[in-house]
Amino acid sequence: MTETARDRILARLRSAPREEAPRPPEPAIGTAPELSGRIDQLTTRLEAMRAVVRRTTAALWLEALIALLRERGWSTLLYAPETPLGAAIENAWAQDGDGLPALVAYAEPIESFKERLFTVEAAITSTAGAVADTGALILRPDGREPRLMSLVPPVHVAVLQAQSIFATLEDAMRAGGWAADMPTNMVLVSGPSKTADIELTLAFGVHGPKELIVLIVE
Amino acid sequence: MGPEEFDRNVELALADAQLRRNFAFAMGSFIARRQAVFSDAAQTERLRGQGQALKRRVLSRLPELLEELEANCTRNGIQVHWAETPAVANRLVLDIIERHAATRVVKGKSMVSEEMHLNAFLEKHGVEVVETDLGEFIIQLNGETPSHIIVPAIHKNKQQIARIFHEKVPGAPYTEEVEELNAIARATLRRKFAEAGVGISGVNFAVAETGTLCLVENEGNGRMCTTLPPVHIAVMGLEKVVEKLADLPPLLRLLTGSATGQFITTYVNLISSPRRACARPCSACAAAPASTTARSTPGSAATPTASSTRGRSARSSTPRFSDWTRPAPSPRPRASAAPARRSAPSRSPSPGCCGACATRRCHRRPRAPCPATAAAAAERSGWPGQGGGISTPTRGSTAC
Amino acid sequence: MRRPRGRQRTAFPRKDQNPLKPNPVYFFGTCLIESFFPRAGEAAIRLIEREGVPVRFPAGQSCCGQPAYNSGYPDDARAVARQQLRAFPDDEAPIVVPSGSCAGMMKHHYPGLFAGEPDQALAERFAGRVVEWSEFMAARLGVELEDRGAPLKVTWHSSCHAMREMNVIAHSKGLIRQLSRVELVELARERECCGFGGTFAVKHPAISGALVTDKVDDIRATGAERVIAGDCGCLLNITGAIAHRGLPIRGQHLAEFIWERTHGS
Numbered sequence: 001m002t003e004t005a006r007d008r009i010l011a012r013l014r015s016a017p018r019e020e021a022p023r024p025p026e027p028a029i030g031t032a033p034e035l036s037g038r039i040d041q042l043t044t045r046l047e048a049m050r051a052v053v054r055r056t057t058a059a060l061w062l063e064a065l066i067a068l069l070r071e072r073g074w075s076t077l078l079y080a081p082e083t084p085l086g087a088a089i090e091n092a093w094a095q096d097g098d099g100l101p102a103l104v105a106y107a108e109p110i111e112s113f114k115e116r117l118f119t120v121e122a123a124i125t126s127t128a129g130a131v132a133d134t135g136a137l138i139l140r141p142d143g144r145e146p147r148l149m150s151l152v153p154p155v156h157v158a159v160l161q162a163q164s165i166f167a168t169l170e171d172a173m174r175a176g177g178w179a180a181d182m183p184t185n186m187v188l189v190s191g192p193s194k195t196a197d198i199e200l201t202l203a204f205g206v207h208g209p210k211e212l213i214v215l216i217v218e
Numbered sequence: 001m002g003p004e005e006f007d008r009n010v011e012l013a014l015a016d017a018q019l020r021r022n023f024a025f026a027m028g029s030f031i032a033r034r035q036a037v038f039s040d041a042a043q044t045e046r047l048r049g050q051g052q053a054l055k056r057r058v059l060s061r062l063p064e065l066l067e068e069l070e071a072n073c074t075r076n077g078i079q080v081h082w083a084e085t086p087a088v089a090n091r092l093v094l095d096i097i098e099r100h101a102a103t104r105v106v107k108g109k110s111m112v113s114e115e116m117h118l119n120a121f122l123e124k125h126g127v128e129v130v131e132t133d134l135g136e137f138i139i140q141l142n143g144e145t146p147s148h149i150i151v152p153a154i155h156k157n158k159q160q161i162a163r164i165f166h167e168k169v170p171g172a173p174y175t176e177e178v179e180e181l182n183a184i185a186r187a188t189l190r191r192k193f194a195e196a197g198v199g200i201s202g203v204n205f206a207v208a209e210t211g212t213l214c215l216v217e218n219e220g221n222g223r224m225c226t227t228l229p230p231v232h233i234a235v236m237g238l239e240k241v242v243e244k245l246a247d248l249p250p251l252l253r254l255l256t257g258s259a260t261g262q263f264i265t266t267y268v269n270l271i272s273s274p275r276r277a278c279a280r281p282c283s284a285c286a287a288a289p290a291s292t293t294a295r296s297t298p299g300s301a302a303t304p305t306a307s308s309t310r311g312r313s314a315r316s317s318t319p320r321f322s323d324w325t326r327p328a329p330s331p332r333p334r335a336s337a338a339p340a341r342r343s344a345p346s347r348s349p350s351p352g353c354c355g356a357c358a359t360r361r362c363h364r365r366p367r368a369p370c371p372a373t374a375a376a377a378a379e380r381s382g383w384p385g386q387g388g389g390i391s392t393p394t395r396g397s398t399a400c
Numbered sequence: 001m002r003r004p005r006g007r008q009r010t011a012f013p014r015k016d017q018n019p020l021k022p023n024p025v026y027f028f029g030t031c032l033i034e035s036f037f038p039r040a041g042e043a044a045i046r047l048i049e050r051e052g053v054p055v056r057f058p059a060g061q062s063c064c065g066q067p068a069y070n071s072g073y074p075d076d077a078r079a080v081a082r083q084q085l086r087a088f089p090d091d092e093a094p095i096v097v098p099s100g101s102c103a104g105m106m107k108h109h110y111p112g113l114f115a116g117e118p119d120q121a122l123a124e125r126f127a128g129r130v131v132e133w134s135e136f137m138a139a140r141l142g143v144e145l146e147d148r149g150a151p152l153k154v155t156w157h158s159s160c161h162a163m164r165e166m167n168v169i170a171h172s173k174g175l176i177r178q179l180s181r182v183e184l185v186e187l188a189r190e191r192e193c194c195g196f197g198g199t200f201a202v203k204h205p206a207i208s209g210a211l212v213t214d215k216v217d218d219i220r221a222t223g224a225e226r227v228i229a230g231d232c233g234c235l236l237n238i239t240g241a242i243a244h245r246g247l248p249i250r251g252q253h254l255a256e257f258i259w260e261r262t263h264g265s
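From first to last, the protein sequence lines stand for chains A, B and C. Just so we're aligned, residue 1 is where the first sequence starts under the working numbering, counting upward by one. Just so we're aligned, residue 1 is where the second sequence starts under the working numbering, counting upward by one. Just so we're aligned, residue 1 is where the third sequence starts under the working numbering, counting upward by one.
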């Protein structure tokens, strides 16, 4: 059997001097703040990173969304028809879509959808939770709600259930059993796309969305 | 670079008042931001101690962890390659690009690839490489190399960047407005993202336990490079491996706090596999490749690449909207009986479509054309409306 | 006069009767004090002794070994360091060092330098006894300073090692702030290196020169008459640049400055 680069690299590493090092103990789990505290912390952090946060309730979220859409006047809204969120939106638009943006369903393979994707004005997605202490949404895109939805359009509206806000990333990982079950792609999102590459001047939307709007549903 | 050349460069740089002002301003800002994030000294020391212990642990098990990483990446459908030298790593990357008949590559910021001189190598072999991090894009336009690991164009002020854009980006007006400069970069690079056959990225942490590649960024170009092209090549030094997923939170906190004074970057990507094909693929789906991921270590090490989506079936644990998904809309007078406006694609399959090729949904109610049809349609229409035809990969997979 | 918080004054009725004070302590003089700033060394010792703590100065001591260590010569560094391990009696008494840089080398790098060597245990014990002078004065002795000098505006330069490795800047500045007629004006860019960097100043004189030019500009902008520091390497570099530009600013080691302000002669 011929020796491969892999064999040689691993052999070198194995013959190199090594020091024993135990796994460091897991840091003690602090007491998570109450839900309202977590919502406040998340809101503060997200707003510091120039996300727009709107708090609403399970009964009123759709009205809050519609108010937002009327306010902003986007002409198109990308949504994922196969998700419960998408179904709720379809249902609402079917009842009365007047004055609301035209819905664009993400229901095609990316290869044929690129053109449309790059021209919609806003997209709405669900979230898999959030992290309060650093301020970040947890997105778990899948085939029904592909990852480009939260990346390509200039505005990303994210709907977040307040109960799924964790105190820390550690908490989110533990509670969600992430280590045993990582999806194809996960992304933590803490604000609109930004850069400070020119004279450290903060500018938004250099590649991803210029605006991130979070609806927290309590 | 010999010592004499180094000394000459030092003299030139020291005599450049603009350069020194730019740097002094940048470094001062970074120090202040970092202090703001690490304001609690005792907590910071604890965090640093934790980070140090985690890294020591990695060093104590480096070969075992690399094997574990490889095994888990492979299980996830990521191909792993090993390279002992930068030359070999460059060659591996080129081979993957050529295997996919790609001529255009978009690249996220990767210091390992800088050290490998990957761009020069690929360009020599006829591959167009576009740096997509704004700072990297600026200096690439000007034929320079990064002056700073986090802010590659920190040595340039906006007047200098305005000149570079005006001279090097076709059609770009001269503007010193940072917003407008960003808009020029956005428009230029969006076209490049859509056209690219391969995306190349670095890796901040690679989790052995799960076979996950972690990538931090603020711009979203990393997400673009790892999502839009049909093939993703990730290049990493072997010291980037970490043992457990649970090791990420403290390491991320230290990294982003120290690097840019942020509690967290705008995006933290956790990539564990190529896009997955249908659970019950038809022949068209089965033939479609997913993404490719490569890993490499400079000086001595490795390059994994990935493809195809065997392995775990698609799953999702996204919390559902459960009981409040369809709340009764507030009663409002219906303006008309017309159905809601929507521009969703036709639900009828395109002629010649296998009907089961796109998303999982299309097994039930096919409403997406097969990739071949879609590519043809895209080529006819062009994107993003600025004249350039799209070179959609004909073998791209669907996003299930 | 400001006093350190939380101090139980009644527990320490007389300086020379405090059973919690070490007796004796050893003093590590450092190369730069030996060669360029002997008065700083004398002042540092006198100030400790004034607190009723006897100071021993082992004769065989020389350099901590940092220049060789930082230049990538661990074997040479170890040979020099071993000499210090031998020079100081292997007991419990603190080894007081009037330099954040030398103290950092001995406290944080000796254990690694001697790892796997026969002297490993000795090096670890030695490292555990090393304490930087201002921390020793402020935290271990809890000195109270009575300012006898005329009103004076000073600024403080933090050496990289004192700040980042020894983490003693709060103690150093605390001592200055005890001086009632001294106004301490902070530097705008305190966290920047002065450009000395040990052998860096020799290897990259042009960059070092640019750094110290910036540093002197910063010092000058405070309007201070004196710049105080806890490390003589920085002082050598900074006072050299000040003299070169002919500025009316004096540089002084913290110990010498405090002795001058409090001795009253």
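Note that these hints are calculated values from the structure, not bench results. One should not assume that every hint holds.
[What the hints assert, rightly or not] Subject to a maximum C-alpha distance of 16 Å in a straight line, what follows is the list of computed EDC-like cross-link-like pairs (lysine to aspartate or glutamate):
#  : chain 1 : residue 1 : chain 2 : residue 2
1  : B       : Lys-158   : B       : Glu-176
2  : C       : Lys-21    : C       : Glu-49
3  : B       : Lys-244   : A       : Asp-181
4  : B       : Lys-244   : A       : Glu-26
5  : B       : Lys-55    : A       : Glu-26
6  : C       : Lys-153   : C       : Glu-186
7  : C       : Lys-153   : C       : Glu-49
8  : B       : Lys-168   : B       : Glu-209
9  : C       : Lys-203   : B       : Glu-176
10 : C       : Lys-203   : B       : Asp-7
11 : B       : Lys-158   : A       : Asp-181
12 : B       : Lys-244   : A       : Asp-171
13 : B       : Lys-55    : A       : Glu-19
14 : B       : Lys-244   : B       : Glu-68
15 : C       : Lys-153   : C       : Asp-214
16 : A       : Lys-210   : B       : Glu-180
17 : C       : Lys-203   : B       : Glu-5
18 : A       : Lys-210   : B       : Glu-179
19 : C       : Lys-203   : B       : Glu-179
20 : B       : Lys-55    : A       : Glu-20
21 : B       : Lys-158   : B       : Glu-128
22 : B       : Lys-244   : A       : Glu-170
[Unchecked claim] Chain A regions said to be covered by chain B (calculated; three or more residues, Cβ under 8 Å):
#  : segment
23 : 15 to 21
24 : 27 to 39
25 : 68 to 75
26 : 130 to 142
27 : 166 to 176
28 : 200 to 211
C-beta atoms are modelled at their ideal positions from N, C-alpha and C, and glycine is treated no differently.
Quiz item: Which earlier hints can't be squared with this structure?
Solution: 7, 8, 9, 11, 15, 19, 21, 24 and 25
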